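Participant: Residue numbers (the working numbering), protein chains in the order written: chain L, 42 to 507; chain Z, 53 to 228.
Hints in this document: simulated from the structure, not taken from any laboratory.
For clarity, every value in this text was computed on a predicted model and none was experimentally measured.
For each residue, glycine too, the CB sits at the ideal point set by N, CA and C.
Check each hint, because a few of them may be wrong.
As the list claims (entries may be wrong) - Some chain Z residues flagged as far from chain L (calculated, every beta-carbon gap over 12 Å):
#, residue
1, 59
2, 87
3, 186
4, 202
Unchecked claim - Pairwise CB distance ranges, derived in the manner of DEER restraints:
#, chain 1, residue 1, chain 2, residue 2, range
5, L, 408, Z, 57, 51 to 57 Å
6, L, 345, Z, 101, 41 to 47 Å
7, Z, 104, L, 402, 26 to 32 Å
8, L, 401, Z, 105, 46 to 52 Å
9, L, 403, Z, 213, 56 to 62 Å
Claimed, not checked - Computed cross-link-like contacts, DSS-like style, restricted to lysine-lysine with a CA-CA straight-line distance of at most 25 Å:
#, chain 1, residue 1, chain 2, residue 2
10, L, 402, L, 146
11, L, 254, Z, 142
12, L, 487, Z, 212
13, L, 487, L, 58
14, L, 146, L, 254
15, Z, 181, Z, 73
16, L, 323, L, 146
17, Z, 181, Z, 76
18, Z, 226, Z, 79
19, L, 341, L, 403
20, L, 402, L, 341
21, L, 487, L, 146
22, L, 403, L, 146
23, Z, 76, L, 254
24, Z, 79, Z, 212
25, L, 323, L, 58
26, Z, 181, Z, 226
27, Z, 212, Z, 76
28, Z, 79, L, 254
29, L, 254, Z, 181
30, Z, 73, L, 487
31, Z, 210, Z, 79
32, Z, 226, L, 254
33, L, 58, Z, 73
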Amino acid sequence: MSAVVSPIREPLIEGGKTYHQITEDICSPTERTPSTAWVLAFIVSASFLALYVFSVAWTVWHGIGTWDLNRTIGWSWDITNFVWWVGIGHAGTLISAILLLFRQKWRTGVNRAAEAMTIFAVICAGQFPLIHMGRLWLGFFIFPYPNTRGPLWVNFNSPLLWDVFAISTYFTVSLLFWYTGLVPDFATVRDRATGLRRRIYNGLSFGWTGSAKHWQRWESLSLVLAGLATPLVLSVHTIVSFDFATSVIPGWHTTIFPPYFVAGAIFSGFAMVQTLMIITRKVLNLQQYITLQHIESMNKVILLTGTMVGVAYLTELFIAWYSGYIYEQFAFYNRVLGPYWWSYFGMMTCNVISPQIFWVKKFRRSIFITFFMSIFINIGMWFERFVIITSTLARDYLPSSWSYHYPTWVEVCLFLGTLGLFFTLYLIFVRVAPVIAVAEVKSILKSAGDQYIGENAKEHAHADSH
Amino acid sequence: MKDQNTDVLYGLYDDEQDLLKAVKEAKDQHLEIMDVFTPFPVHGLDPLLGLAESRLHIAGFVYGAIGCLFGFGFMTWVFTRDWPIIFGGKPYFSAPAFIPVTFELTVLFASVGMVVTFYTICGLWPGVKNPTLDDRITDDKFCIAFNASGAEDSEVDKLKGFFSGTGASEVNMKTI
Chain L
42 MSAVVSPIRE PLIEGGKTYH QITEDICSPT ERTPSTAWVL AFIVSASFLA
92 LYVFSVAWTV WHGIGTWDLN RTIGWSWDIT NFVWWVGIGH AGTLISAILL
142 LFRQKWRTGV NRAAEAMTIF AVICAGQFPL IHMGRLWLGF FIFPYPNTRG
192 PLWVNFNSPL LWDVFAISTY FTVSLLFWYT GLVPDFATVR DRATGLRRRI
242 YNGLSFGWTG SAKHWQRWES LSLVLAGLAT PLVLSVHTIV SFDFATSVIP
292 GWHTTIFPPY FVAGAIFSGF AMVQTLMIIT RKVLNLQQYI TLQHIESMNK
342 VILLTGTMVG VAYLTELFIA WYSGYIYEQF AFYNRVLGPY WWSYFGMMTC
392 NVISPQIFWV KKFRRSIFIT FFMSIFINIG MWFERFVIIT STLARDYLPS
442 SWSYHYPTWV EVCLFLGTLG LFFTLYLIFV RVAPVIAVAE VKSILKSAGD
492 QYIGENAKEH AHADSH
Chain Z
53 MKDQNTDVLY GLYDDEQDLL KAVKEAKDQH LEIMDVFTPF PVHGLDPLLG
103 LAESRLHIAG FVYGAIGCLF GFGFMTWVFT RDWPIIFGGK PYFSAPAFIP
153 VTFELTVLFA SVGMVVTFYT ICGLWPGVKN PTLDDRITDD KFCIAFNASG
203 AEDSEVDKLK GFFSGTGASE VNMKTI
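All chains, please: the whole structure from these sequences, using the hints.
Facilitator: Laid out in structure tokens, this is it:
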């Protein structure tokens, strides 16, 4: 039970909390009337969501010609947004699954919100391949179902089809994992409520009682789901990168893509977690549960993965030169110095150079710098996908078909609209569910609460040894 | 969910260490514990209660194996028997290309199967109304429950004595 904790390890729960205070602090935001800040944020998000609905309707009615794509540039903002959102959707499962396997206790403070973010980001990502089909209502053709056309099956050799399986499996497993973690916490909310609210939360908590056998199975289930989700999360962006890597386009046809995409996904995902967590902890007054220690740990992951993508960018350039293959060399020359040089420059600055400031502990622990950097990284990662997709397609084998793509208002609104969708879902989530895993935080209190470790620990240990 | 009502005598403890000591004491006194309820998983409780290790992970393996074989088998059937098509000059049975989908289906079957099994064997499902002994069990109380249906007064007194002896902060009787 009481694992040996190094006395120099920093506490993950501050303020000398008791179990009841933890319940109170985390559950009470769902019970209060929404604050003005929340209402304003919700109005803004919902407006962008409305803009999204409008631009999807416009796209479906007029066709994807409204995006001004052309023969050369067949993928642009749509697939950029898709890959960007999927990438963001990697941090949640990484935090909850991989860090669970590694027994990293700081996971408990941020896993719930990060997993919610994952699910919402994957919802946003899934929009783009669907509306990109043009005929949205035939979207179900991507699934292999018995049909009257033969039956004619889908092409199981195609990475685009692998993507369908990867994204839908990832979404399902993340949702199940997240919800199974939520069930005991919904029971906590239920037991604090009365009347209709109690009935609703009883439904949401599936009638959870907290029996010892249930907890045992729950832990077994969480561990196995974490074990399954770990290779899954690595497979998803690997398969997304196959969409590009298995093609014959210079600049795409590279074996470095899978690890490089996965590192980039974790990088952007953690940046989005930071953006959300810094606002959430402030607004919901949860600074004692999402501490500077959590923020610093995540900044270390950002520094590591940011440097990994940096190494990947430089490796790509080197290999392009070293291959001696002129099309490959031109593709990279064009990325750096071609018409889209500004996006390459943005990518390098935001993703590789700027995270290096996190070598300094003071910056890693600065809320302001972390928030600023998280936005910066999200922009940088969007540029990365744009560089890979649009700038590569703009200069293909035939100079006669070289072209340049300007986004139309529809494309821009679709992108802004998914941000609206994402934040609307997140805002609803913080109102209805505990944003921190209550039961899991309680289970680490004795080993990570500030009254049990560090300088205060002695007196408490003394008091406890009755 | 139950046909007959059960009288439950339960004690609440304020700390998981007190609970563990009490469960041990109950074992020594040969008292039959009906169930233990906690706000979070308390480690070290299962061996004291004599709970066998969960076999849920074995079920997960079986579901995963089914998903794996189904996925690979289905793709093989489609491309070698039902509708063979040549893609990029590759053989009909191009096993490496089937790996990603096989992997995803393995994970999908194992996860969905395990989650459904978990809720089913625990009797947890939307709309289920499991009786709860005390609202604070999901907050900060650790509960030991004894089945006191048809128990004589002397037995109930013995259990009450056990609770006061092990430092329970509250003892109550409830019919569920």
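Participant: Against this structure, judge whether each hint is valid.
Facilitator: Verification of the hints:
{"no.": "1", "hint": "59", "result": "holds (17 Å)"}
{"no.": "2", "hint": "87", "result": "violated (5 Å)"}
{"no.": "3", "hint": "186", "result": "violated (8 Å)"}
{"no.": "4", "hint": "202", "result": "holds (22 Å)"}
{"no.": "5", "hint": "408/L - 57/Z: 51 to 57 Å", "result": "holds (55 Å)"}
{"no.": "6", "hint": "345/L - 101/Z: 41 to 47 Å", "result": "holds (42 Å)"}
{"no.": "7", "hint": "104/Z - 402/L: 26 to 32 Å", "result": "violated (48 Å)"}
{"no.": "8", "hint": "401/L - 105/Z: 46 to 52 Å", "result": "holds (47 Å)"}
{"no.": "9", "hint": "403/L - 213/Z: 56 to 62 Å", "result": "holds (60 Å)"}
{"no.": "10", "hint": "402/L - 146/L", "result": "holds (21 Å)"}
{"no.": "11", "hint": "254/L - 142/Z", "result": "violated (52 Å)"}
{"no.": "12", "hint": "487/L - 212/Z", "result": "violated (29 Å)"}
{"no.": "13", "hint": "487/L - 58/L", "result": "holds (10 Å)"}
{"no.": "14", "hint": "146/L - 254/L", "result": "holds (23 Å)"}
{"no.": "15", "hint": "181/Z - 73/Z", "result": "violated (31 Å)"}
{"no.": "16", "hint": "323/L - 146/L", "result": "holds (21 Å)"}
{"no.": "17", "hint": "181/Z - 76/Z", "result": "violated (31 Å)"}
{"no.": "18", "hint": "226/Z - 79/Z", "result": "holds (23 Å)"}
{"no.": "19", "hint": "341/L - 403/L", "result": "holds (12 Å)"}
{"no.": "20", "hint": "402/L - 341/L", "result": "holds (10 Å)"}
{"no.": "21", "hint": "487/L - 146/L", "result": "holds (12 Å)"}
{"no.": "22", "hint": "403/L - 146/L", "result": "holds (23 Å)"}
{"no.": "23", "hint": "76/Z - 254/L", "result": "holds (17 Å)"}
{"no.": "24", "hint": "79/Z - 212/Z", "result": "holds (15 Å)"}
{"no.": "25", "hint": "323/L - 58/L", "result": "holds (18 Å)"}
{"no.": "26", "hint": "181/Z - 226/Z", "result": "holds (16 Å)"}
{"no.": "27", "hint": "212/Z - 76/Z", "result": "holds (16 Å)"}
{"no.": "28", "hint": "79/Z - 254/L", "result": "holds (17 Å)"}
{"no.": "29", "hint": "254/L - 181/Z", "result": "holds (18 Å)"}
{"no.": "30", "hint": "73/Z - 487/L", "result": "holds (17 Å)"}
{"no.": "31", "hint": "210/Z - 79/Z", "result": "holds (14 Å)"}
{"no.": "32", "hint": "226/Z - 254/L", "result": "holds (21 Å)"}
{"no.": "33", "hint": "58/L - 73/Z", "result": "holds (23 Å)"}
Of the numbered hints stated above, those contradicted by the structure are hints 2, 3, 7, 11, 12, 15 and 17, listed in ascending order.
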